[in-house]
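S.K.: Here's the letter readout for the chains.
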Amino acid sequence: MTPGIFSARANLGPNAVDIEYDPGTVDFEGIRRAIESAGHKVAESKPAAVKAAIEEDSDPEQVAREAEYRALMRKFWVATAISIPVMALSYPDLIPGLRDWMPMGSDTRRIVWVLLGVLSLPVLLWAGSQFFVGMWHALKHRSANMHTLIAIGITAAFLYSVIAVAYPRIFPDPALAEVFWDVTDVVVALVVLGLALEIRAKGRTSEAIKKLIGLQAKTARVVRDGKEIDLPVEEVVAGDVVVVRPGDKIPVDGEVVEGSSAVDESMVTGESIPVEKRVGDEVIGATLNKTGSFRFKATKVGKDTALASIIRMVKDAQGSKAPIQRVVDLVSGYFVPAVMILGILSFVVWYLVGPEPRFVYATIVLVTTLIIACPCALGLATPTSLTVGIGKGAENGILIRSGDALQTSQQLDAIILDKTGTITRGKPALTDVVVAEGRDEETVLGLAASLERGSEHPLGEAIVKGAEQRSIALTDAQDFSAIPGHGVSGRVGDDEVLLGNAKLMRDRGIPIDALTGEWERLANEGKTPMYLAIGSAAAGLVAVADTVKPDSKAAIDVLHSLGIEVVMLTGDNARTANAIARQVGISRVLAEVLPDEKAHEVQKLQLEGKSVGMVGDGINDAPALAQADVGFAIGTGTDVAIEASDVTLIKGSLMGVVTAIEISRATMRNVRQNLLGAFGYNALGIPVAMGVLYPFLGLLLSPLIAAAAMAFSSVTVVTNANRLRLFQPRRVVS
Amino acid sequence: MTIDRWAVLIVGLLAVAFIVWFFWLKRTKGVRAGETSGGYQEAMILVKGGYTPDTIIVSRGKPVRLNFRREETASCSERVIFEAFGKSAHLPTGEQVAVELMPRQAGEFGFACPMGMFRGRLIVE
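Protein sequences appear in the order of chains A and B. Going by our numbering, the first residue of the first sequence is number 1, and it counts up by one from there. Going by our numbering, the first residue of the second sequence is number 1, and it counts up by one from there.
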């Protein structure tokens with residue numbers, strides 16, 4: 001057996017083998033060689049497979065797109081070069097010199113026109129080839145598309161010109177037998193240009209996902225056998241200890257085991273301020289280490305990392321459909337054959353009752369109708385905006401799961417916010433220190449914190465942290481004991497110290513009357529105050545409370561200004577709940593709701609006829625999130641793939657809800673503009689092309705103008721969608 | 001009315017009737033997905049100007065695997081969407097991509113490209 005490979009079992013199903021190996025001794029290339037020397041073939045090395053999972057459509061697709069763009073542009077330039085002389089010589093009567101050289105009805109004119117037809121042939125057959133190929137593929141499926149319309153249009157114009165040159169006698173006045181070579185050439189040139197520009201613009205719509213893919217680190221510095229070695233990031237396995245130096249990109253997800261630093265997580269979470277990382281904290285792959293050095297244990301690698309999950313979710317969402325698309329789907333199923341029918345009917349009507357030369361007019365009308373119709377603009381309207389909008393969300397740390405979630409988010413009437421962990425930090429912090437007469441704050445807080453240093457209670461931790469922040473020196477407590485439901489006691493230095501509730505004080509015979517007023521006030525503010533006694537006298541109060549996140553109030557204010565009712569939901573008692581609600585400006589509070597009743601509360605609000613969004617954490621609030629019309633899960637760190645939610649906010653801030661709603665509104669507005677434009681364009685353009693204005697205004701559209709309009713209608717739609725890339729989320733100064 | 005007018009009228013109406021019949025009145029017979037040893041109902045679908053075959057018949061309650069192979073570069077078909085199943089897949093040119101579904105209800109479910117120009121049906125019996 002190859003050194004470094006401990007075991008190999010082929011029990012994972014067909015075409016898979018489970019290999020246990022020592023990464024310090026053998027790498028993937030070595031394993032590959034070992035498998036091949038055993039007579040098996042390795043279909044694709046693992047690093048490549050992992051890469052493929054992440055970069056599903058990066059390079060090869062990009063290259064193909066670029067090649068198609070260049071091919072189309074080449075066709076455009078050739079078609080344009082031919083169009084110019086063809087156009088000039090097709091209308092000799094408008095150009096003084098030409099009019100005399102090739103007068104109407106002369107042999108010279110006929111010979112020149114034959115030559116123009118020969119010149120136009122490559123434009124039709126080479127530059128316009130994709131229209132015929134596209135038409136043929138669709139016809140085999142008994143369906144029709146844009147290619148069908150253009151192919152029929154340019155062929156009709158070409159065939160007409162052939163007839164006009166070959167048999168001018170079938171026209172009532174042979175001198176009026178004009179040729180339309182220019183129509184074929186210019187339509188091909190313009191539509192090909194439109195396709196090329198569309199490819200370019202469409203490439204830009206998925207820029208957000210390309211940025212995300214580009215974030216991936218290439219290498220990692222890993223400790224193996226006590227040595228630091230640089231490895232391709234694909235070879236890092238869960239459990240590896242990774243070394244991160246200042247300025248390094250963190251390669252995979254993990255947990256800090258040594259050292260500390262500030263990490264810029266903006267690229268993944270949208271949070272612009274670097275986040276402090278200490279031992280035990282989670283780090284996210286693809287984020288940037290700033291100042292310190294640290295080591296972390298890899299927990300998620302390859303396609304399991306937060307970044308890979310985000311990329312997958314965004315791609316899936318971009319590929320989903322918004323409900324608004326259903327109307328378009330219905331129309332586009334009938335659109336192209338309907339346009340063909342309209343074209344034929346117009347030809348017939350113009351030929352039957354139109355002015356002379358009837359054949360010429362009927363042909364123009366047929367060609368113009370086929371050319372101006374643009375099924376692409378309709379089809380592109382929704383998906384392109386969706387792609388840009390969802391990508392924009394991801395850039396701001398907001399993962400919108402589907403087009404459905406995006407469309408529903410824009411019309412929410414009410415939003416229910418879970419209190420703990422959503423509006424508040426979800427962790428208690430020291431808020432107040434009240435001292436009895438003759439005592440100072442430093443002593444009271446110092447004693448309380450020293451005593452609590454031994455306890456593992458979260459309230460105790462909050463007091464210790466509060467004292468540390470105020471740089472108060474702490475000493476070790478002796479004889480520490482916790483009295484369940486009451487408080488703690490112990491000796492700090494020479495002092496006997498008691499910290500706890502009123503009952504504890506009364507049990508020990510300590511008078512607290514002087515402090516009860518302050519206790520009441522703090523309790524009414526939703527805080528948890530505790531008495532501190534030194535010896536037999538009450539010395540003061542320390543209060544801790546779950547504090548409101550810095551931007552919660554600002555976010556709730558914005559939600560109100562967007563016309564959304566904000567409701568707070570919590571399992572906490574009404575007093576604490578109301579205190580927090582007052583701080584952030586919420587008037588409707590649902591307190592003392594048991595966890596399994598939360599979904600029911602959401603439903604009750606829905607029964608009021610409202611479209612309801614629910615914001616909470618993805619685990620405890622899962623049923624409520626699923627019940628809501630849109631469930632926003634506040635996730636933190638690497639746990640981004642939260643199943644129950646429609647929208648995941650990677651950054652734990654309520655401003656994310658605001659941004660999500662604003663993105664959804666901006667995107668849907670963009671979709672509506674696109675649909676209105678595309679429907680409106682076809683609804684106006686097609687009848688005008690058919691000549692409905694001719695009896696009243698004598699107005700008939702030139703096929704050349706129709707071609708220009710058609711080519712740029714779909715480019716306009718995609719460009720309008722790309723405008724969404726300029727979306728900027730509101731920044732709130734907290 | 002002159003003879004040429006009659007001719008244009010008749011040919012025109014025939015063309016319209018042909019378009020209606022050819023594009024709208026088509027009813028393709030479906031292809032039944034084959035069963036594999038792994039318990040999947042499997043079918044191959046070629047993506048080139050449309051889906052071939054475009055109608056797949058499967059039985060309810062057994063997992064379905066549809067192997068798409070896209071053989072064109074037109075960007076409209078680079079994704080296939082199964083709206084009713086909430087699934088979509090990216091189809092790089094020349095690669096075979098499997099889409100796995102679990103049909104729990106009988107009925108007819110469409111699949112299409114994002115623009116809805118290519119359409120297919122999954123018939124669950």
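Possibly wrong hints are sitting among the right ones.
Between beta-carbon pairs, the in silico distance windows are [to be verified]: (1) Glu125(B) <-> Met87(A): 21 to 29 Å; (2) Gly86(B) <-> Ser471(A): 48 to 56 Å; (3) Arg104(B) <-> Val133(A): 53 to 61 Å; (4) Gly86(B) <-> Ile170(A): 57 to 65 Å; (5) Asn67(B) <-> Lys211(A): 42 to 50 Å.
Worth flagging that the hints you see were computed from the coordinates, not collected in a lab. Owing to the predicted nature of the structure, the values given are computational and were not obtained by experimental measurement. We put the CB at the ideal spot given by N, CA and C, even for glycine.
S.K.: Decide, hint by hint, whether the structure agrees.
M.R.: Each hint, compared with the structure:
Distance hint check for glutamate 125(B) and methionine 87(A): the Cβ-Cβ separation is about 59 Å, which falls outside the suggested range of 21 to 29 Å. Against the hinted window of 48 to 56 Å, the Cβ-Cβ separation of glycine 86(B) and serine 471(A) comes to about 55 Å, which satisfies the hint. A hinted range of 53 to 61 Å for the beta carbons of arginine 104(B) and valine 133(A) is inconsistent with their spacing of about 40 Å. For the hinted restraint 57 to 65 Å between glycine 86(B) and isoleucine 170(A), the CB-CB distance of approximately 59 Å keeps it satisfied.
Taken as a hint, the range 42 to 50 Å is violated for the pair asparagine 67(B) and lysine 211(A), whose Cβ atoms sit roughly 31 Å apart.
Of the hints listed earlier, those the structure fails to meet are numbers 1, 3 and 5, in rising order.
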